[in-house]
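Chains as they are written, first to last, in my numbering: chain S, 1257 to 1418; chain L, 1257 to 1418; chain A, 1257 to 1418; chain B, 1257 to 1418.
Possibly wrong hints are sitting among the right ones.
Copies of the same chain are indistinguishable here, so a pair counts whether it falls within one copy or spans any two.
Claimed, not checked - The calculated lysine to aspartate or glutamate pairs, modelled on EDC-like cross-linking and capped at a C-alpha distance of 16 Å, are:
{"#": "1", "residue 1": "LYS1303", "residue 2": "GLU1325"}
{"#": "2", "residue 1": "LYS1357", "residue 2": "ASP1271"}
{"#": "3", "residue 1": "LYS1268", "residue 2": "ASP1348"}
{"#": "4", "residue 1": "LYS1376", "residue 2": "ASP1335"}
Just so you know, the hints here were simulated from the structure itself, not pulled from any lab data.
There are 4 protein chains.
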Amino acid sequence: MDASNYIPADVKPHDGQFRAGRHYFACRVYYEDTDFSGIVYHAAYLKFMERARSDMLYQLGMDQRAAFEAGDGAYAVADLHIKYIAPARFQDNLLVISGVKRLRKASVEIEQTIIRGNEKIVSAVVQAAFLTPAGRPRRQPEPWTKAFAAVMVEAVDTKPDE
Amino acid sequence: MDASNYIPADVKPHDGQFRAGRHYFACRVYYEDTDFSGIVYHAAYLKFMERARSDMLYQLGMDQRAAFEAGDGAYAVADLHIKYIAPARFQDNLLVISGVKRLRKASVEIEQTIIRGNEKIVSAVVQAAFLTPAGRPRRQPEPWTKAFAAVMVEAVDTKPDE
Amino acid sequence: MDASNYIPADVKPHDGQFRAGRHYFACRVYYEDTDFSGIVYHAAYLKFMERARSDMLYQLGMDQRAAFEAGDGAYAVADLHIKYIAPARFQDNLLVISGVKRLRKASVEIEQTIIRGNEKIVSAVVQAAFLTPAGRPRRQPEPWTKAFAAVMVEAVDTKPDE
Amino acid sequence: MDASNYIPADVKPHDGQFRAGRHYFACRVYYEDTDFSGIVYHAAYLKFMERARSDMLYQLGMDQRAAFEAGDGAYAVADLHIKYIAPARFQDNLLVISGVKRLRKASVEIEQTIIRGNEKIVSAVVQAAFLTPAGRPRRQPEPWTKAFAAVMVEAVDTKPDE
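Work out the full structure, taking the sequences as your base and the hints as a guide.
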């Protein structure tokens, strides 16, 4: 099999999407995500939620890899509270819904819910801090806080009665 | 945030695709896949390849979860040989290309290559055995071997000069 | 290399230990636990804490595997709140300290701290629910609640002024 | 719970051991290592083997973290062939046996077997290449090749009839 023979240009990784200030990211449960008790391993949801957050930043034009390689820093989770409501299983299609809840100079708080169809699987609040390569809190790049602020405003504007 | 407010029907997990007997599955590198040395952790590629194989079966109409829950069995990797050619990094878009190489009654051999653009990242040969819940080799369900055989034939027919 | 030639009887997996109602479990950080930003990936701490909880049960004589195989059920995390205080890095020696905080019929709340030397790395509160194979809450086996209760009492007795 | 109250000095992470040129490293199977089919997930064995290799280097006095932080480089797996012989399950005690098989300037080949009691679980051959931070092959530090050579000689000397 020579991989270089033919490369389909239209088979691309999943991209999440913003709708009215909320970010939607889909994932499917694979072997790696489950444990012998038959359900998704509790730490696997943190991976799903991190993929969604990274995608959210990606969609907002923030290049985490470039920021890290330039020596600016990277996000690290500072606080995470997760409630496991119903178990997910192998082959399930999940949707991670994320919203920026609070924005500080050096950190951002993101609310995340994972659903399967209409059913809530987990809900979480995650605080991510921007850290220098040495591990100290650093003010997030200004274009990033602006991008976060924009989706917060949008969420408030379109869902005024929440 | 009430997740049930609005659920976009069009944000769905990535589905791989068959083209002329080869299966193409895309994935993006996230934090979880990397290690402190800056590149993708070597075992993470096994996860990418397993996702691709599970998707391949899914696209061929084989329901692994139903087979397991019915007590029929599940696939387990019996032999795996992987060559690491070039390192992948955070945020890279990868494409897993898989082809059925050999088909036996109780096992299947799948050739897998992971590329980034035109560059080969890893290449592997994986033998997966179908096992009873007790762990003994079992003949694969007949519709499954037929489905595997169909994509093998197609691959040969359309790429005769390889 | 013939593995059966010689098997040293004294090279055994790490066992945690109870001291005055607290459980101590050590682990070292490996490649798999880190990410490209150079520190331990946030979900890896959940694995360390789960190893410690499983070891705790093991030391208390609870056989989770036997309970699962007998169809009784298994624990699943219901709620988890974790604070990331300082980052850990490759090759660090960590110590997970766990204490039973609250005991209910179908669940147990465990407080867990991870330290490196004298430095606190993370602190967490984890609620684990005992579930039937079908995923419904079930009363924990009576010998298990007794074993949990015993270490709670001991912790109170020996540290009365906390 | 104040973690700093009491820290037992004798609860330490597992250290592997060399005996006659072979390295022995123990590990126990936890939830994280298993999948819904009830057995250890195939990629988890790569983690066990990597922990054993890192411990092997650690026992031989090679400080991978210092080498990386000094900008010298890090090991990356270049080739891995693994045979899955029997499945391991939750709570199993495993022993990873490793031996240096071949030593080149910029890479080392290590043979690894995982056993449970007298039973072989997997056997593998792993080639690890030393790479610069930029990802190019680099000659391993001389004290490291000497340390590897020493355990190879010892293995040959003490087991001449293999």
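Status of each hint after checking the structure:
no. : hint               : in the structure
1   : LYS1303 to GLU1325 : neither (22 Å within a copy, 26 Å between copies)
2   : LYS1357 to ASP1271 : neither (22 Å within a copy, 31 Å between copies)
3   : LYS1268 to ASP1348 : between (20 Å within a copy, 11 Å between copies)
4   : LYS1376 to ASP1335 : between (22 Å within a copy, 14 Å between copies)
Checked against the numbered hints given earlier, the structure breaks hints 1, 2 and satisfies all the rest.
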